[in-house]
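Asks: One-letter residues, chain by chain:
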Amino acid sequence: MQMPRPSQAILARKDEIVARLCRILPPEAVISDPAETRAYECDALTAYRCPPLAAVLPSTTEQVAAVLKLCHAEGVPVVPRGSGTSLAGGALPTADSIILGVAKLNRVLETDYDNRVIRVQSGRTNLSVTGAVEADDFFYAPDPSSQLACAIAGNIAMNSGGAHCLKYGVTTNNLLGVTLVTMAGEIVQLGGAHLDAPGYDLLGVLCGSEGQLGVVTEATLRILRKPEGARPVLMGFDSNEVAGACVSDIIKAGVLPVAIEFMDRPCIRACEAFAHAGYPDVEALLIVEVEGSEAEIDAQLARIKTIADRHSPTEWRESRSAEESAAIWLGRKSAFGAMGQINDYMCLDGTIPVSQLPHVLGRIGALSKEYGLEVANVFHAGDGNMHPLILFDANAPGQLETCEALGAEILKLCVEVGGCLTGEHGVGVEKRDLMLTQYTAADIEAQLRVKDVFDPNWLLNPAKVFPLSTTESRRAA
Amino acid sequence: MISPTTESDLAEAVAAAAAAGTPLAIRGGGTRAGLGHAVTGEVLETGGLSGIRLHEPGALTLVAAAGTPLEQIEAALAAENQRLPFEPMDHRALYGTNGAPTIGGVVAANVSGPRRIQAGACRDSLIGVRFVDGRGTVLKNGGRVMKNVTGYDLVKLLAGSHGTLGVLTEVAFKLLPAPESSATLCLHGLTDNAAVAAMSAALGSPFDVTGAAHLPGPADGPITLLRIEGFAESVAYRAGQLRELLRKYADEITERDDAAPWTAVRDGQTLGDAVGDVWRVSVRPTDGPEVRRRAGLDHPVYYDWGGGLVWLLMPKGTDLRAALEGLPGHATLVRGDEGTKARLRVFHPEPAPLARIAAGLRAQFDPQGVLNPGRMGG
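Chains as they are written, first to last, in this note's numbering: chain A, 2 to 478; chain B, 212 to 589.
Incorrect hints may appear among the rest.
[To be verified] Not the full set, but computed from the structure, chain B residues with beta-carbon under 8 angstroms of chain A:
id, residue
1, E267
2, D344
3, L365
4, F442
5, F558
6, P564
7, I568
No wet-lab data here; the hints were simulated from the structure. For glycine and all other residues, C-beta sits at the position ideal for the given N, C-alpha and C.
One chain only, chain A, in its complex shape (with noise of 0.2 angstroms):
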């Protein structure tokens, strides 16, 4: 992975700049020691590392157009950055840039029941969104599985999904409003507590632009009130196939569970060794939750234990207890930290769809063989959106480099069968370099239009997303 080399130019004016950037913040928010700084040199994927100019901490939208309008005038790069969980590098500095981290903008503006929104800066972390309002029984739906660490402005820079986005969306269909500050130092308001947008959607093009298109200080969200209750079953299968058949049948028999994860033996047997959730040694296990009253939800499992008798699992535990319940979702929720456990891994995001699950999974063991590193699949198989995880050992020479290439042999595979590279970790600098396995050079060509329009200089978060050489014309500019 390469990054743009930095501007040397820039680096020689490091304390001018940084003097100046005291001049509009608290000192307090300013950070520029190098000893400081470095907290700041990586985000989630970790393998890639380099400490920025500076970092601010600015804590009002004012600040923050003020420190973009700074930085546009100086013509410094920028990267913005909310908790830091990125998986794909979206927050990875460049010696030359700044970080802008939203950490201080943390704040409920306002809870609205009667109209189902909820207003907070862009720093509040996902989880605390739905902590502001759980005691009055609602939530806010999309659930990555970092939300309690990540921030929303991260959410809505890649439009991260989660386990129950089957049915409730991602962070675009649960995203009303923000506020935006452009590059120029200009502060917009995008949409608001009412629907839909008189002109060109740009509150859709924005979510997803992974921080290249402005930072974003506040956002209006759609809150729902929580189900009365949810209960999941968990089922063993004796193949790949035959679980991936009962997915879809599920679906097609128009049952709409909530979620519906997908574990292969590898990583049920690396879970249970780590979180001991009592799983059975199968092949393939089904995680299925449903949501409703608890009428609602029995007739939803008897429904769904009929198809799935079509297909003789080897297991059907249907959770009867609350206890019973997080038994269930134990081990799913602790795979990437058993993972973690073994060894060092590498997580992918491809989605795929439904119907080719069997074909992929078979492949990736293929793959994994051919390799000589192990794959273990994780992932939300009503949507097809696959977490297969790598596992490798960072410490050898060359593995790293191996776990890359199988890694990029699986997205390839993933965008061949009809999906995409990621569905909702985003692009970052990881999966940077495979955009053209996916879109033509012209489809890259209309999104970097797109990005002229927002951020004509091309400051912001700017070695992201596109291959380098695709934007090497407009980041020299």
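Please build the complex by placing chain B on the supplied structure of chain A, with the hints as guidance.
Replies: Chain B in isolation, oriented as in the chain A frame:
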């Protein structure tokens, strides 16, 4: 008139128009021609690009050529007990148009109906597009999978762009199962404020309401409609629970199971046949009654989206936006003569910075300005 039958022919036609500076008036079924400003140009018809390319019931996905008649898509989905989630409005009654709406037209205008409050707008179900930009280049964005964050979401940008950024050639959707059963609770005799309060209570309940409308005007008194859909036993349960919850808002609550009231609400038909301008105002639901108050209480009106979408029939030429000044939201002049549309603008004017971004995008995607010029105003 140009009627290409392949995407590459369409691309060539647009490239030729761009080279010659010939404006194109893009047309699907032509049933929504009144939605936006009239376009003068050579007609480019998309009806020749037709057919369902892929329907995977087990993956809840559908891909179709943009000129495919909506009716054909709805029939194919119904055969598998599925549907488009967003309940697109049929504009034919409102405009008095004939012909067959196309799926491309639905997307170009981001057309949604009553279920928009629960299942999202057209743009929320749209997962992929192929289109030809104003240079005549074939482009794609998104795909056929429902979770996809690879690159910028131009899918959303194209939805509701009224053909001014590109000519759609293929569209992909995520679908929902069609419900086995449906019930509508009817609350009788509520004032607008009480109706919005009742609808807020229903929409804020765990009972998954998929439609919430209030009709102040019927001869036998105001009626508030709340729809529940799903498996029969679940619909019965939730209808019962909702009835309990709403008892404090209405003395009389009846129930019906037909779709007729929702078709009328969806298609702007509850305003009646009277002449006048039709406005569609999107606000925070609790601001709905204020929209009516400011517009003047004696005009035909009804509310959808729990109060957040106000349909009004106003005397010709009324500048409703002036009356709504300061209220967050936006007003669309859905029906009016071209003179009124030109004077008042069909779409709500955007603040200067957003208008600048919109103009910039248009210049990038259609530098010669040949795609539906003037359709969205500006």
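Asks: It remains to establish, for every hint, whether it holds in the given structure.
Replies: Verification of the hints:
1. E267: 6 angstroms, holds
2. D344: Since chain A brings a Cβ to about 7 angstroms from D344 (chain B), closer than 8 angstroms, the hint holds.
3. L365: 7 angstroms, holds
4. F442: Cβ of F442 (chain B) sits 6 angstroms from chain A, so the hint holds.
5. F558: 5 angstroms, holds
6. P564: Where the cut-off is 8 angstroms and the nearest Cβ of chain A is about 5 angstroms from P564 (chain B), the hint holds.
7. I568: With a closest approach of 6 angstroms, the I568 (chain B) hint holds.
The earlier numbered hints are all upheld by this structure, with none contradicted.
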